[in-house]
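Position chain B against the provided structure of chain A, taking the given hints into account.
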Amino acid sequence: MRYARPQTLPDALALLADGTARVLAGGTDLYPATQAADLAGAIVDLAAIPTLAGIDRSAQGLRIGAATPWSALAEAPLPPALRALQQAALHVGGRQIQNAGTLGGNLCNASPAADGVPPLLALDAQVDLASATGTRRLPLSDFILGPRRTALQKGELLTAILIPEHALPGTATFAKLGARAHLVISIVMVAANIHLDAGRITTARLAVGACGPVATRLPALEARLTGLTLAEAQDAITETALAPHLAPIDDLRASATYRLGAATELLRRVIAGCAP
Amino acid sequence: MISFTLNGQPVTIDARPTRRLSEVLREDLGQRGTKVGCDAGDCGACTVLLDGRATCACLLPAARAEGRHIQTVEADTPVLTRLRAAFLRHGAAQCGICTPGMLMAAADLLSHTPNPSAAQAEQALGGVLCRCTGYRKIIAAVCDATHVAPPAPQPDGPSIGQPIPRLDGTDKVNGDVFGADHAPEGALILRAIRSPHPHAAFTFGDLAAYAARPGIAAVFTAADIPGRNAFGVIPAFADQPALAPSPARFRGEAVALLALEPGADPDLSDFPVTWQPLPALTDPATAEGAQDPVHANRPGNLLVQGRVRKGDTAAALAASAHVVEGSITTAFVEHAYIEPEAGTAWMEGDTLCIRACTQAPVMDRDDTAALLALPPDRVRIIPSAVGGGFGSKLDLSLQPLLGLAALKLRRPVRMIYSRTESMASTTKRHPARMSGRIGCDATGRITALEFDGLFDTGAYASWGPTVANRVPVHATGPYLTPNVHTTARAIHTNNPVSGAFRGFGVPQAAIWQETLYDRLADKAGLDRLDFRLSNALRDGDASATGQILGATGIADCLTALRPHWQRALAEAKAHPHRGVGIASCWYGCGNTSLPNPSTIRIGLTRDGALILHQGATDIGQGSNTVISQIAADALGLPLRHIRLIGPDTALTPDAGKTSASRQTYVSGRAAQDSARRLRAAILRHANASDAATLSLDGPTLTISDAGTTHRIDLATLPADPLGYALSAEATYDPPTAPLDENGQGRPYAVYGYGAQMVELSVDPALGTVTLHRITAAHDLGRVINPLLATGQIEGGIAQGIGLALMEEYIPGRTENLHDYLIPTTSDVPPITSILIEVPDPEGPSGAKGLGEHVLIPTAPAILNAIRHATGAEITRLPALPHRILAAIKGAQT
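Protein sequences, first through last, are from chains A and B.
Those letters in the first sequence? Residues 1 to 276, per the working numbering, in order.
Those letters in the second sequence? Residues 1 to 893, per the working numbering, in order.
Just so you know, these hints were derived from the structure itself, not from any lab.
Heads up, the beta-carbon is just placed ideally off N, CA and C, and yes, glycines get one too.
Watch out, some of these pointers could steer you wrong.
Said to hold, decoys possible - Which chain B residues stay away from chain A? Per the calculated CB distances, all over 10 Å, these:
hint: 1; residue: P235
hint: 2; residue: G326
hint: 3; residue: S418
hint: 4; residue: E729
hint: 5; residue: T825
hint: 6; residue: S826
hint: 7; residue: Q892
Claimed, not checked - Computed footprint of chain B on chain A, listed as stretches where at least three residues anywhere in the stretch have a Cβ under 8 Å from a Cβ of chain B:
hint: 8; segment: 18-28
hint: 9; segment: 41-50
hint: 10; segment: 54-66
hint: 11; segment: 72-84
hint: 12; segment: 248-255
Unchecked claim - Pairs of lysine to aspartate or glutamate residues, derived as EDC-like cross-links and limited to a Cα-Cα distance of at most 20 Å, are as follows:
hint: 13; chain 1: B; residue 1: K889; chain 2: B; residue 2: D763
hint: 14; chain 1: B; residue 1: K889; chain 2: A; residue 2: E239
hint: 15; chain 1: B; residue 1: K889; chain 2: A; residue 2: D142
Extracted from the complex, chain A is given alone in its bound form (with noise of 0.2 Å):
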């Protein structure tokens, strides 16, 4: 087998079980990585499976099938606790890469600076993964372990990414930083999810990407915003407060000292993004 194209799920986990293919969603990381004209090497590719995109409702939550292309995402009339991942939608490349880049190949991907990753933690998102033998289902931030690391076992798949009913009342707003203003790789990216009552916060989900090994949730400081107003949390983000749960480094993009500053700046400008 050089490619095949499964109908089924059954089908291609059964052509996955070995362990040899690699996985062909929308491309947009499998081809770059070569300057060949031709993928080397055994690749089942996922067009054909119509379960495998998709955005649907049920009783657990939201789920959004692992090969829905971004700008299928964009597109979609979704509830504002997805307005952060419908914005970062938006910033991944350009039209051509949201027409063809699918979320769950970002997550797969696993960059330190995937666009969908902060908007899916900040959403207490889970990601399903299906194998010949079994599925199981993980928190997405047990799934990214690191830099271009993942979860993912030999022959398994990653199908849908769960949005549970709890993290769906809520507003989410996003914010990425970079250099220029299209086709822009993150210098620091920050997503918030703020559930308000009476003008306090009830729950507060604060993600922030690019600035460490694998995108990061701040649960202390999360913690500390419950029964605030969107002002007040804004002046409880401060630099002290984030230090300790980022690792950002220097690199070409910005140094680590700016990439703490520009998050802390960005989480306070998403939360006030996510006034009603």
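Relative to chain A, chain B alone:
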């Protein structure tokens, strides 16, 4: 088999299912209108529509086309027809390499948003990179593609001054034929093996055994080069091997060349070469004076030092009322044209023909001939359409490799650089470390300037000597400076080869001088524009080199900006974090004190065709159009009669290289002179005066003079030695004089001037910059074509924005277009161009050069606006957000 609908027609093709659709379209189906710029989804040049939605064909597996509708630039649809017409009207295509991608992305947008706003168009086209236009004309064209309005017909009368759409525009909006788009039947594919180290010795294993592998036709190394294995744009400094013998001197240097049978895709990862990394000089300050130089014959790694000495700078600074001192460091900047180098070669009898992208066909011919031990007349260079050059395609790249393989194997060959290969192996803008002082008297008149610049010239000479000589001459900027002490040194390192990039080092020096002038104006208590205007060079002033200047347009440019400046300053006061910056430029057109003649030929055939042998390569800047306009007007016939030939070293006389802002001025002047000679010959024939008017109708040339009409039937004239009924040729070389040991002399015959004003906001918490508007006043002497001139201005400004805010090439780290950032649609603000005409008697109809001038003021004007907004003084470019924020904090303490 894969079946799909391509531009309305059913197609069935036997292709591997995961083969890139871009390859299927281009190589399997021969539809090469779709361009490939990166193979990584970073540039959008390959954008096609998949069931109506824009996608990168380079990332689309062929199998995904099954049963779908694919639309490419070859399609003929009402939307594309409207877009093409709008692109031509607005001058939205310059080199044309991004145009197919832009058109397809725009077609997607217009299919659901028929009347887009500029913001919507910017968003929709944000995934397609353009390096020529600065995007504004593209956005304007997309927003104006609501109707079919053909370009205005060409004028019957004079064409100079008219906004004539480029004469080669129709090709550009249909997918022009670039270096990668010509594929002779059965051509071997060439691939280079390149050094992964900045400095490394190497040995080859069993090359003969490797060459015997299936699919491999031949392997070449330095040992196979029959001639002098050292090329270079300046013959006296030629030092760069086409294939390096050990050691390799920079990362990306080619050491071996493979010729592969068509369709073969052998694994090159086990090519038998063993690398032994050697200590590498990557810091120019360390390299300067180092014991073991990169080239044994250049002690201390000094390639060339240029200098200007005038007056007594030390004494003048000591006596100055105000003195400022400062340093600026700039980065390697990549040209990032969207067309990676590509071409083909084949033998025609004993003549080696090379068809590739280039800015300098005759230089390519002579250097390739020397490398291959051929007489120059056995090498023919046929430039392809060039998908952007900006200076880097002046140097040889793949021409000798193509030539070597075609000559040795006697088979057609083809080579296309990958994006990474292009970025790693070709020239860059020199990184500069500049420092010095400038003084003025109590009234704000400049007294003296001291400048020292260290320019990292990389592993080989390329244009390093030109940069070292140009910078000291220009480092004052266009201001009267009585005492000058400037030095620039080109220092070798094991870094990428630094060469020509729009301005030859002058943009770097302008960043230093123009940011210091702002500080000096503040110290003197003067408005920054007034300070510049009061010091501006005027007719009769002496330059730093002692040249008495005429046709100085800088005061006119600054004066034209003044109302905009006053408005912008008032607006900035009303908005927090808003800043306004200004900077000037001047730039000598043509080579520095060296000959650089152009020759243009024009002829009338016996059947009445008017042929212009135009050897100046049009890399998007518009010389095909501008030189034709000049020739048509000088001859006195309407532009529409002109048919272009060339460039082609077998068909066109040498019009020199497309560099140094010389084509409009130097080749344009040669075109004017040749057309005037042809006119004189016609008038002699008719015994008519120079007041006569000409018209051409088939082979009948009609001369009307003071009420009498004379007709020449061209068909009856004997053919001249060139085969024409009537023809003429003229050569023009700018009158310059050498610089003496103190840099005194007349380095250029013509200078162009300009000044730009930037309005921006700085986010004080993030250090990010939002550009609001750029107003650019440039003195062109005479505007030959305002549509093309404003296109140059906008494109140069876009590159200046990149230089200022985002571009930094780091070998091994930013060898692609997602880590190396160039401006995208929304990074270039609206631009207002003000065209000033201070005619220079040397230029054709008074015209001066423009191509490089337009980039020079942008970066310093941006830095000056950032300082105005925040107090931040940026000393290292690019001014990335973290550097700006650190400078803001530095200014507050």
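Results of checking the hints against the structure:
Listed as a non-interface residue, P235(B) keeps its Cβ farther than 10 Å from every Cβ of chain A; the least gap is roughly 35 Å. For G326(B), the non-interface assignment is confirmed: its Cβ lies about 22 Å from the closest Cβ of chain A, beyond the 10 Å cut-off. At the 10 Å boundary, the C-beta of S418(B) falls inside the reach of chain A, the nearest C-beta of that chain being 5 Å off. Its beta-carbon lying about 46 Å from the closest one in chain A, E729(B) satisfies the requirement of being farther than 10 Å from that chain.
At the 10 Å boundary, the C-beta of T825(B) falls inside the reach of chain A, the nearest C-beta of that chain being 6 Å off. Look at S826(B): its CB is around 4 Å from the nearest CB on chain A, not clear of 10 Å, so calling it non-interface is violated. With a closest Cβ-Cβ approach of about 14 Å to chain A, Q892(B) is found to remain outside the 10 Å limit, as its non-interface label requires. Coverage of the segment 18-28 of chain A by chain B holds. Counting CB-CB distances below 8 Å, 4 residues qualify, and the rule asks for three or more.
Given a C-beta distance limit of less than 8 Å, the hint that chain B covers the segment 41-50 of chain A holds, as 3 residues qualify and 3 suffice. Only residues whose beta carbon comes within less than 8 Å of a beta carbon in chain B count, and the segment 54-66 of chain A has 0; fewer than three means the coverage is violated. Here's how the segment 72-84 of chain A fares: 0 of its residues keep a CB closer than 8 Å to some CB of chain B, so the rule of at least three is not met and the hint is violated. A stretch counts as covered by a chain when three or more of its residues have a beta carbon under 8 Å from one of that chain; for the segment 248-255 of chain A and chain B the count is 4, and the coverage holds.
The straight-line distance between the Cα atoms of K889(B) and D763(B) is roughly 13 Å, inside the 20 Å bound, and the hint therefore holds. The straight-line distance between the Cα atoms of K889(B) and E239(A) is roughly 16 Å, inside the 20 Å bound, and the hint therefore holds. At most 20 Å may separate the alpha-carbon atoms for a hinted pair to count; K889(B) and D142(A) exceed this at roughly 39 Å.
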